[in-house]
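The hints should help you fit chains A and V onto chain B, whose structure is shown.
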Amino acid sequence: MSRSTMFSRSLAAALLAAALCAAPELALAQKRGGTLVQITQPEPPTLASYLSTSGPIGQVTAKVYDGLLEYGFDMKPQPSLAESWTVSPDGKTVTFTLRRDVKFHDGKPFTSADVQFTIMEALKKVHPRGINTFKEVTAVETPNAQTAIFKLANAAPYMMAALSGFESPMIPKHIYGTGDIRSHESANKPVGTGPFKFVEWRRGELVRLDRNPDYWRSGQPYLDRIVVRFNPDSATRTALLERGDAHVAGFGAVPYNDVKRLAALPSIEVTTKGYEMISPVVEVLFNTKRPPFDNVKVRQAVSYAVNRKFAIANIWFGFGKPATGAISSNFKASGLYTDDVRNYNVPNAVEMANKLLDEAGFPRKADGTRFEIVHDITPYGEEWQRFGEAVQQQLAQVGIKATLRYEDVPTWLKRTYTDYDFFLTSNFLYNLADPVLGVHRAFHSALIKQGTVFVNGSRWSSPQTDELMNKAALEPDAVKRGALYAQLQKLTAEAAPIVWVQELLFPTVLNRRYKDVIVSPLGIYGPFNRAWLDN
Amino acid sequence: MAIGPRTLLYVLRRLAQAVPIILSIVLLNFLLLQLAPGDAATVLAGEAGGAPPEYMALLRERFGLDRPMHVQLLLYLKNVLTLDLGYSFRNSMPVIELILGRLGPTLLLMGATLLVSVFGGVLLGLLAATAVNTWRDRAISVAAVIAYATPLFWIGLMLILLFSIKLEWLPTTGMEDVVAFNEGWTRVVDIARHLILPTITLSLFYMALYTRMMRAAMLDQRGMDYVVTARSKGLAEHLITRRHVLRNAVLPVVTMAGVQVGSLLGGSVVVESVFAWPGLGQLAFQSLFARDFNLLLGIFFLSACLVVAVNLVVDLVYLALDPRITVG
Amino acid sequence: MPQSFWRRFVRNRPAVFGLAFLVFVVLLSLGAPLLFPGDPFSIVGKTFLPPFADYLFGTDSLGRDIAAGIAHGGRTSLMVGLVATFFAVSVGTLLGALAGFYRGWIDDALMRFTEFFQTIPTFLFAIVLVAIMTPSRGSIILAISVISWPPIARLVRGEFMAMREREFVQAAVCLGMTDLAIIFRQILPNVLSPIIVAGSLMVATAILIEAALAFLGLGDANAMSWGFMIGAGRSFLRDAWWLCAIPGIAILLTVLSINLLGEGINDALNPRLRTL
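Residue numbers (my numbering), protein chains in the order written: chain B, 1 to 535; chain A, 1 to 328; chain V, 1 to 276.
So that you can see chain B by itself, here it is in the shape it has in the complex (with noise of 0.2 Å):
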């Protein structure tokens, strides 16, 4: 049995494993007490999510933080802060009734005030996604302290997915109405409704989480405090998390290696789930306007000639699943994912790039090279290198001369985003919890905005697919949404403008002691409100 049947299989039954261990019914009895080590990596620079989305944040602050809605497995909103919504059949009025008797850390009570505040002063104005999400918000009406009156110039039926505490965190007006929210003194400091209280933040070391007393679900959170650990070195890590030092760990905090060994420990528990909201998808980015990517035959041909399966194998260690196009296969369940497109990852691949070169009219000279181009590595960590370097190899297999190129992140970004001074790039891009959100941004015309980071950098663009993402932004039943996204997928499958290589999976390393702890898509994003210490 392969080393990769024989993990995938141990994989299986660590999943069934953790499911068992979050399905509540089956749940034992949960006990108060305890701390939870979180480790979480890099250190956010700031605290204020309301201003920032940079990743490490939302692993802290959902903690402290709530959303007017929370999220299931199935995706489908649950009430958190709001009780009860309502949305008209136009799509244009959303009415959420809030919940009674909710007090922020400091006392004072949570009202409509409030998620008026948050929506009109703070995310629309100053959040990175909030920006886009409440573009068709014209108005928040507060006819009183319990209900809250989205007004919406058109339909935005990818609004209600991102209203979690991670995504929109509700912030209270009375602190943060005050001065100026861009450089607020208690932005890293935050006050909010959630299960627990930021106590301190040592910079370098922690950030100290309390439980809040007066959570308006009684009797949670159970956990006496959270500690949220920051650790530079990879492989020191994985020691805390050996040694118990440690107790829980996502995104890519644990090397891909390493949580496979980590997985065999008895007291280790290895999970994929909590990523649903996020799906990253890794991609190689061509630019459409520099010979010879402006050809599409050139672009099939890379797309076929990068190996999904070996990047899968050796790169992520078994943490991912081809992608077969710009949207994941977690929409599978929302009915907005197809794999009716064209396959790359077929046996023949490299055959198929090859031949597909020569009719480009891109023949194999005297030396076997057929062209040369500069591959620029993603300096997002070791992964990106080795996986920089299988591409090269993969390429010089067909023809292709592939010379590497090593920046730093900002050098990086000046020079794909604002310089489009490049022939290939990787990155990974996440869908996030609407394609409208995270998938649009990649080749649709209006996303091509030179100085503007992770939006459309290959410069492609077509009327066809551009009038279908317009439609499907718009369109209220599921059913219609679902057919123009095949016709989308289909489209850019064909045109390869990105070589859509895999679906990442961030494996969640837990300490088995510790229950409940991912119980929704959110994951690690979430308010860890039922996880619980079983001593």
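Do not rely on the hints blindly, as some may be mistaken.
Cβ-Cβ distance ranges computed for the label pairs, FRET-style [said to hold, decoys possible]:
| hint | chain 1 | residue 1 | chain 2 | residue 2 | range |
| --- | --- | --- | --- | --- | --- |
| 1 | B | G219 | A | V179 | 21 to 27 Å |
| 2 | A | W169 | B | G335 | 54 to 60 Å |
| 3 | V | P50 | B | A478 | 50 to 56 Å |
| 4 | A | A180 | B | D419 | 47 to 53 Å |
| 5 | V | W6 | A | L35 | 45 to 51 Å |
| 6 | A | L127 | B | V374 | 51 to 57 Å |
| 7 | A | E54 | B | Q464 | 53 to 59 Å |
| 8 | A | W135 | V | V44 | 41 to 47 Å |
| 9 | V | A181 | A | L127 | 36 to 42 Å |
| 10 | B | A478 | A | E54 | 26 to 32 Å |
| 11 | A | G104 | B | N343 | 57 to 63 Å |
| 12 | V | P50 | B | G335 | 47 to 53 Å |
| 13 | B | R290 | V | V44 | 28 to 34 Å |
Just so you know, the hints here were simulated from the structure itself, not pulled from any lab data. If you're wondering where the values come from, they're calculated on a predicted model, not measured in any experiment. All C-beta atoms, glycine included, are put in the ideal place defined by N, C-alpha and C.
Coordinates of chains A and V only, in the frame set by chain B:
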């Protein structure tokens, strides 16, 4: 060494030079950093996983990046003169607070390392030189080269695997226990225990240098005329060593120790990373990749002050060690 | 003169070993294309094959031949190590000698110049320089040279400050020797020891800084080097120990050889200084 008027004048002259020197260093650092491509707004947007152009413009305006460079530079110089090191927009905190918060752990680690490596290095160098070409000398010399040539991350990780994972004698990483939140004396002991492995790791590196340097310098001195004279006078070997040779041989060690102290504020990026020690090295490292120039320049400014001060002190120590050296 | 130098040198067995090993490494690097033809970056077999089996030193995480990496990598690593050290030592010695000998305003000016380079923490300085110049073998060598010369300058200056007060120097002045002659023919040979120690250790630092830069993704991605191999193997330290150990041992033996060689040269040049 008499602290005569010439020495005092020398010190005053150096101190007077210090202010324009430090300012020019700050200026040059500022210009140097401007050459690095990319800016803080791009990095923040990148970490945000992407941001609309309105957000980028907002950030640039907030950070003052949209102002012409000479304006930015003049503003910065003015602030430095009033010891206002600015605001780190990325961290939403004043630079001076960020630095002061990490200064203590840095001084602790680097100070401990300095003590251990200088004393250990001088001692081992002595032991090697007084038994030159015997197995003791060879063993120490080879061990020193091995310690110096082995990557720090490997040494650190091996020590952690042995003493923390296998033997469970010492804590893994960090400066203190993150669950107990100790106070008072327990906290001091806890921090001391956490200090052991990172200090050993970093000290091995510097100790190796001092050992080799001390040994070479001692061997040089022992061949010198004054030693031959002392020996022919019938003075005991160990007295020759202690009274004469040591004092002269230690000069290069003092120079290198001065260089080490000058680089104190830079910490050790690798050791701080492996041991999750909250020092200035890691802070500077992260701010470089985030192009958080306010923070970086603040650290460089303090470092410049330290380097200028330490070089002056080392020059004064030379005067004490070797009376023939004069000022200027 | 040269004859007695050689006679003294070959009597020092460790030094001879050092020289021999160094010659071996140089020959290996030059002969790499013949011994291991092809691109050392190419994927040749299964990943993580242990050493002393199908492949002499095994394969790495992508399936590349480690022995080919060692042979081809020697060239870059030696170049980085030796060239950067040579520049750093030359510049540092020159500036330190001038500052320590002349004192006065020359010393002040040169030392203030040195202080600028001492301010920025060395590793960060290397990263800044490489980031500005974009990573390549040349920029890495330049960056490492720039960060390495200040300690040498300070060292040499201190030694010169002490030496210039000695009787033999004062005698040379009386004899009417030119300044340059005194610096290079009288004082410099007597201060070689610390320079040789610092210089030979610096080769190790240079190669290891290159490794750290490679690990951060700031190395020259198209040049195989021992530093690159250590960086690539760092995450697999506990499972595939040979990925880091083998290039690490190569670096260690090279540095040891240079050390022994340096010491042998020093002993052979100044026999009187080293005897009891």
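These are the hints, each one checked on the structure:
1. G219/B with V179/A: 21 to 27 Å: Roughly 24 Å apart at Cβ, these two residues keep to the hinted range, so it holds.
2. W169/A with G335/B: 54 to 60 Å: 57 Å, holds
3. P50/V with A478/B: 50 to 56 Å: Holds: the Cβ-Cβ distance is about 53 Å, inside 50 to 56 Å.
4. A180/A with D419/B: 47 to 53 Å: Roughly 51 Å apart at Cβ, these two residues keep to the hinted range, so it holds.
5. W6/V with L35/A: 45 to 51 Å: Given a distance of about 49 Å, which is inside 45 to 51 Å, the answer is holds.
6. L127/A with V374/B: 51 to 57 Å: At 54 Å between Cβs, range holds.
7. E54/A with Q464/B: 53 to 59 Å: 28 Å, violated
8. W135/A with V44/V: 41 to 47 Å: 44 Å, holds
9. A181/V with L127/A: 36 to 42 Å: 39 Å, holds
10. A478/B with E54/A: 26 to 32 Å: 31 Å, holds
11. G104/A with N343/B: 57 to 63 Å: With Cβ atoms ~59 Å apart, the hint holds.
12. P50/V with G335/B: 47 to 53 Å: Given about 49 Å between the Cβ atoms, the range holds.
13. R290/B with V44/V: 28 to 34 Å: With Cβ atoms ~32 Å apart, the hint holds.
In summary, the one numbered hint that this structure violates is 7.
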